[in-house]
Amino acid sequence: MAVCVAVIAKENYPLYIRSTPMENELKFHYMVHTSLDVVDEKISAMGKALVDQRELYLGLLYPTEDYKVYGYVTNSKVKFVMVVDSSNTALRDNEIRSMFRKLHNSYTDVMCNPFYNPGDRIQSRAFDNMVTSMMIQVC
Amino acid sequence: MGVSDTPTLDKHLSRQQETRTPVVAKNKDLLILTYGALVAQLCKDYEKEEDVNKYLDKMGYGIGTRLVEDFLARSSLRRCHSYSEVTHIIAEVAFKMYLGVTPSVTCKNSSRNEFSLILDKTPLSEFVEMLPAGRSSLCYCSLLCGIIRGALEMVHLAADVTFLQDKLKGDSVTEIGITFLKQPEEKKYRWKQ
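Listed in order, the protein sequences are those of chains F and X.
Position 138, counted from 1, in the first sequence is what full-length UniProt numbering calls 138; the numbers after and before it change by one each time, with no gaps.
Position 83, counted from 1, in the second sequence is what full-length UniProt numbering calls 83; the numbers after and before it change by one each time, with no gaps.
Be aware that a few hints might be false.
What the hints assert, rightly or not - Listing some non-contacts, in silico: residues in chain X with all C-beta distances to chain F over 10 Å: (1) Tyr55; (2) Ser76; (3) Cys107.
Said to hold, decoys possible - Straight-line distance between alpha carbons at most 25 Å, and here's what the computed DSS-like set of lysine-lysine pairs gives: (4) F/Lys102 / X/Lys28; (5) F/Lys102 / X/Lys121; (6) F/Lys10 / F/Lys68; (7) X/Lys169 / X/Lys108.
What the hints assert, rightly or not - To give a feel for the contact side, a few chain X residues facing chain F, derived at Cβ under 10 Å: (8) Leu31; (9) Asp45; (10) Glu126; (11) Val128; (12) Pro132.
Treat the hints as calculated values from the structure; they're not laboratory data.
Virtual Cβ for every residue (Gly too), placed ideally from N, Cα, C.
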């Protein structure tokens, strides 16, 4: 289960960031911020290879002793970053991929809202509910 | 709702039906996104929501007067004999053909001229979760009201169409109310003898 979910815009500012309230939120914000460097590195590394083979799911960005950070980037350079608990070893790669897919689908629905301007903070209730469901249980 | 007089006209209409492509929800997303962009732009252009609602209704009226011809050509229906039949046709045939949903029809009063169409989900507002702050009196689907009003007027039925309940404003369903009004007396023209 995710302890922190963040959506970062193309210009590297957060569109949506939420973490489980028990922990120190600032720590997660800092972790997401540092992970952006790793994301950029991965994108540029893959860019040198054939562009066709570039995948959206970036995989494990970097592990710390308590947490693991996963990344996903869309073709419009919007990044999704997810921090999960290291102790939860039951989480497999496929599950993380499906969580990111759900995030991407919800993000697409938010974009389709005619009153949402791209670049604004995400304030959709449906998106909040989906993230809550991801933080409570593994999908 | 329409009557075809001569057999040649009948054949022409049915031929038209075969060559026309069916109205399918293939580009439904495009329609929904276009409508959303239209409403968002109107909201930016006009400050008051009443103006936005009024112009959406006007646009719908223009669409309805033209759409009814297309509708009558595609669905060769017989003449209706009561307001209740008309409302049922709007709900079961027209809505299904163009929007892919079938609202349920209820009659509101005993004199049989007030009806309401109840929709569980309006297809046009599929991606809009809630109205933005400060726009709480916006009737997002006012276009639909205008379309129904324009279409009915072209078949010589005057009606008043409004939204009674709206899911975007927190109600449980979306309800469109149609009130058929009495026809004003038409002037009879006399040939000069």
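Here's how the hints hold up against the structure:
1. Tyr55: 16 Å, holds
2. Ser76: 37 Å, holds
3. Cys107: 34 Å, holds
4. F/Lys102 / X/Lys28: Status holds; Cα separation ~22 Å.
5. F/Lys102 / X/Lys121: Roughly 23 Å between the alpha carbons, so the hint for F/Lys102 and X/Lys121 holds.
6. F/Lys10 / F/Lys68: Cα-Cα ~23 Å, so holds.
7. X/Lys169 / X/Lys108: 22 Å, holds
8. Leu31: This interface hint is violated because 12 Å lies over the 10 Å limit.
9. Asp45: Status violated, d = 14 Å.
10. Glu126: For X/Glu126, the interface hint holds, since the closest Cβ of chain F sits about 8 Å away, which is under 10 Å.
11. Val128: Nearest chain F Cβ about 6 Å off; hint holds.
12. Pro132: Interface hint status for X/Pro132: holds (5 Å vs cutoff 10 Å).
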